[in-house]
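Q: Using the sequences plus the hints, can you model the full thing?
Keeping their order, the protein sequence lines are chains A and B.
Take the first sequence: its letter number 239 is residue 239 in our numbering, and every next letter is one higher.
Take the second sequence: its letter number 305 is residue 305 in our numbering, and every next letter is one higher.
I should point out that these hints are in silico values taken from the structure, not numbers from a laboratory.
Don't take every hint at face value.
Which bits of chain B does chain A cover? Going by a derived footprint, with three or more residues having C-beta under 8 Å, they are [to be verified]: (1) 34-46; (2) 240-248.
List of simulated lysine-lysine pairs, DSBU-like, C-alpha gap at most 35 Å [stated by the list, open to error]: (3) A:Lys37 <-> A:Lys15; (4) B:Lys305 <-> A:Lys37; (5) A:Lys223 <-> B:Lys15; (6) B:Lys19 <-> A:Lys19; (7) A:Lys15 <-> B:Lys305; (8) B:Lys15 <-> A:Lys37.
Glycine included, C-beta positions come from ideal geometry on N, C-alpha and C.
Number of protein chains: 2
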Amino acid sequence: MGEEDALRFLADRFKATQKEVLTGIGDDSAVLELRDKACLVASTDTLVEGVHFRLETQTPRQLGKKAVCVAISDIGAMGAVPRYLLCSLGCRSTDSMEFIEGLSQGVEDGCREFEICLVGGNLSESQTVFINMTALGEVSGDNTVLRSGAAEGDDIYVTGTLGDSALGLKILSGDSGIGGGEGFVSRHLEPTPRLAVGRMVAERGIASSMIDVSDGLFRDLEKLTSEHGLGAEVSLADLPLSPGFLSISGRLSEDAYRLAVSGGEDYELLFTSSAEKRAAAEEVSRLSGIAISKIGSVTGGGKIKFFDEGEEEVFYDTGGFEHFC
Amino acid sequence: MGEEDALRFLADRFKATQKEVLTGIGDDSAVLELRDKACLVASTDTLVEGVHFRLETQTPRQLGKKAVCVAISDIGAMGAVPRYLLCSLGCRSTDSMEFIEGLSQGVEDGCREFEICLVGGNLSESQTVFINMTALGEVSGDNTVLRSGAAEGDDIYVTGTLGDSALGLKILSGDSGIGGGEGFVSRHLEPTPRLAVGRMVAERGIASSMIDVSDGLFRDLEKLTSEHGLGAEVSLADLPLSPGFLSISGRLSEDAYRLAVSGGEDYELLFTSSAEKRAAAEEVSRLSGIAISKIGSVTGGGKIKFFDEGEEEVFYDTGGFEHFC
Numbered sequence: 001m002g003e004e005d006a007l008r009f010l011a012d013r014f015k016a017t018q019k020e021v022l023t024g025i026g027d028d029s030a031v032l033e034l035r036d037k038a039c040l041v042a043s044t045d046t047l048v049e050g051v052h053f054r055l056e057t058q059t060p061r062q063l064g065k066k067a068v069c070v071a072i073s074d075i076g077a078m079g080a081v082p083r084y085l086l087c088s089l090g091c092r093s094t095d096s097m098e099f100i101e102g103l104s105q106g107v108e109d110g111c112r113e114f115e116i117c118l119v120g121g122n123l124s125e126s127q128t129v130f131i132n133m134t135a136l137g138e139v140s141g142d143n144t145v146l147r148s149g150a151a152e153g154d155d156i157y158v159t160g161t162l163g164d165s166a167l168g169l170k171i172l173s174g175d176s177g178i179g180g181g182e183g184f185v186s187r188h189l190e191p192t193p194r195l196a197v198g199r200m201v202a203e204r205g206i207a208s209s210m211i212d213v214s215d216g217l218f219r220d221l222e223k224l225t226s227e228h229g230l231g232a233e234v235s236l237a238d239l240p241l242s243p244g245f246l247s248i249s250g251r252l253s254e255d256a257y258r259l260a261v262s263g264g265e266d267y268e269l270l271f272t273s274s275a276e277k278r279a280a281a282e283e284v285s286r287l288s289g290i291a292i293s294k295i296g297s298v299t300g301g302g303k304i305k306f307f308d309e310g311e312e313e314v315f316y317d318t319g320g321f322e323h324f325c
Numbered sequence: 001m002g003e004e005d006a007l008r009f010l011a012d013r014f015k016a017t018q019k020e021v022l023t024g025i026g027d028d029s030a031v032l033e034l035r036d037k038a039c040l041v042a043s044t045d046t047l048v049e050g051v052h053f054r055l056e057t058q059t060p061r062q063l064g065k066k067a068v069c070v071a072i073s074d075i076g077a078m079g080a081v082p083r084y085l086l087c088s089l090g091c092r093s094t095d096s097m098e099f100i101e102g103l104s105q106g107v108e109d110g111c112r113e114f115e116i117c118l119v120g121g122n123l124s125e126s127q128t129v130f131i132n133m134t135a136l137g138e139v140s141g142d143n144t145v146l147r148s149g150a151a152e153g154d155d156i157y158v159t160g161t162l163g164d165s166a167l168g169l170k171i172l173s174g175d176s177g178i179g180g181g182e183g184f185v186s187r188h189l190e191p192t193p194r195l196a197v198g199r200m201v202a203e204r205g206i207a208s209s210m211i212d213v214s215d216g217l218f219r220d221l222e223k224l225t226s227e228h229g230l231g232a233e234v235s236l237a238d239l240p241l242s243p244g245f246l247s248i249s250g251r252l253s254e255d256a257y258r259l260a261v262s263g264g265e266d267y268e269l270l271f272t273s274s275a276e277k278r279a280a281a282e283e284v285s286r287l288s289g290i291a292i293s294k295i296g297s298v299t300g301g302g303k304i305k306f307f308d309e310g311e312e313e314v315f316y317d318t319g320g321f322e323h324f325c
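A: What follows is the structure, encoded as structure tokens:
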């Protein structure tokens with residue numbers, strides 16, 4: 001695979017057609033128009049072989065799409081709309097053109113599904129395969145939801161279900177032969193960024209703080225609270241779990257709630273909201289068709305605490321989440 | 001080194017103070033204001049260990065600054081002004097905190113020198129060290145200079161001097177013990193993006209096409225011409241070479257002109273311009289204090305040809321440029 005050949009292939013595949021893309025992939029830089037008065041939102045993320053993915057357990061196409069979804073999830077977590085992507089790929093000179101083609105197909109799948117445009121790319125030789133994505137989006141400045149706005153007494157909400165991706169990773173990693181676990185595996189390999197919900201929550205001023213759950217509920221909830229000396233109380237019984245999640249984790253001898261709390265890579269939205277916004281949050285759930293579950297509340301206590309159905313505190317060793325798969 | 005510790009360190013170091021940075025490093029995404037009617041310019045580039053750099057031959061601080069300079073050079077080559085950076089770093093978990101500190105110091109040096117702001121970052125474990133930089137800039141859409149505007153008969157100009165970086169790399173790679181070569185080594189390790197010249201050339205409408213010389217004069221000149229079936233004739237005698245370049249390359253038994261033509265990583269600006277803009281190009285050189293040399297002209301011939309002082313054509317095998325250092 002020659003670098004020039006690969007770049008030409010990519011430039012052809014990702015030729016921009018939108019009028020806002022004044023210059024797309026293939027020049028020194030992309031030149032882009034933003035809407036009037038929109039703020040630019042920018043985020044960068046990398047998936048690294050052996051750390052965030054293994055080439056043995058997923059196709060290049062799945063990997064390409066996942067890289068897109070992970071990158072734009074960060075844009076969605078600000079309440080913003082992702083518009084553009086720049087992709088830097090590192091791969092061995094012995095990796096085949098089919099690998100790059102598969103990866104590109106996955107990136108294209110993601111771009112098409114979420115109506116975004118790849119406007120810049122870069123290809124380097126590297127002994128470790130990595131995919132870096134920089135996502136650019138737009139938001140009206142007033143609608144931006146930061147990580148830092150939570151207040152004591154706020155409700156804590158999470159979209160969708162938790163732990164599916166972590167369970168899928170367990171199934172992928174082991175030779176468990178568990179039947180019925182395919183849905184969990186695909187939640188891990190093909191996460192769905194909650195863009196529409198994030199935008200609605202932001203536009204309606206519902207969230208006081210928001211983040212996407214990538215490192216696991218525990219660690220991401222800490223990011224929303226600990227900086228201001230706040231904490232949280234979460235009821236395990238209120239955690240949204242998929243049908244079959246408890247029984248399949250049990251068959252894998254996994255502590256299901258520990259997985260749901262610390263597993264990571266859910267790419268659900270976690271947000272805080274004052275109590276008077278409850279009806280508005282429920283309406284967003286109804287309109288978007290995505291479950292939004294109230295799982296606890298922000299406290300002044302400085303710690304994240306979990307309680308079981310008997311209202312006993314449950315302690316998790318959540319320090320060691322690894323993305324390894 | 002814990003990832004959280006390192007991220008906190010980076011977020012503290014790169015806290016934004018500009019009012020246009022509504023949210024800087026440390027949230028899911030950065031939120032940025034652009035000037036009214038400015039277009040966004042975006043580019044991404046990666047330096048990979050063993051391909052673009054070796055940790056034995058340069059300090060982390062030099063590497064950090066080089067990553068900044070290489071990234072913003074692509075913005076300058078559009079005639080745009082770089083404003084923001086997002087950095088994704090991959091390093092081994094055994095790499096020391098000093099390595100990250102040194103690298104950050106270099107990034108900070110670059111940001112301060114070129115008045116740009118690091119607004120996003122990401123740290124991953126990786127067996128191969130890499131530094132990805134996405135640079136964001138602004139340009140008035142009318143002033144953008146693309147790679148694609150060259151016309152037959154246009155003059156070809158290059159800023160500064162050619163080949164210094166390639167010679168520096170030769171000196172770095174060998175155990176030559178060549179005295180007086182330090183300046184060439186620092187041209188390789190600490191390139192200077194030609195931002196001011198790029199902006200002036202763009203604002204005055206001088207360039208019909210422009211690129212920064214990263215892969216070497218030959219290959220980058222091809223990018224300005226070959227897509228439209230154009231070619232170029234370049235006079236070796238007109239190539240701008242530093243004092244001492246010919247003699248030191250000779251002492252290293254290198255073909256000096258081959259180095260200057262194919263060496264790469266010059267990060268000078270290469271642009272084409274119609275003959276009636278000659279006085280304007282000279283004025284930019286005078287105002288900026290940077291040499292701008294006319295080295296040849298665009299032809300309809302579809303090939304890049306080099307001629308020596310006796311007007312004999314000289315052939316170079318320029319296919320194999322490697323960034324390896």
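Q: Each of the hints needs a verdict: does it hold here or not?
A: Hint by hint, here is what the structure shows:
1. 34-46: Holds, because 9 residues of the region 34-46 of chain B bring their Cβ atoms closer than 8 Å to Cβ atoms of chain A.
2. 240-248: violated (count 0)
3. A:Lys37 <-> A:Lys15: holds, 27 Å
4. B:Lys305 <-> A:Lys37: Violated, at roughly 49 Å.
5. A:Lys223 <-> B:Lys15: holds, 17 Å
6. B:Lys19 <-> A:Lys19: Given that 35 Å is the threshold and the Cα spacing comes to 30 Å, the pair holds.
7. A:Lys15 <-> B:Lys305: Roughly 31 Å between the alpha carbons, so the hint for A:Lys15 and B:Lys305 holds.
8. B:Lys15 <-> A:Lys37: Holds: B:Lys15 and A:Lys37 sit about 24 Å apart, inside 35 Å.
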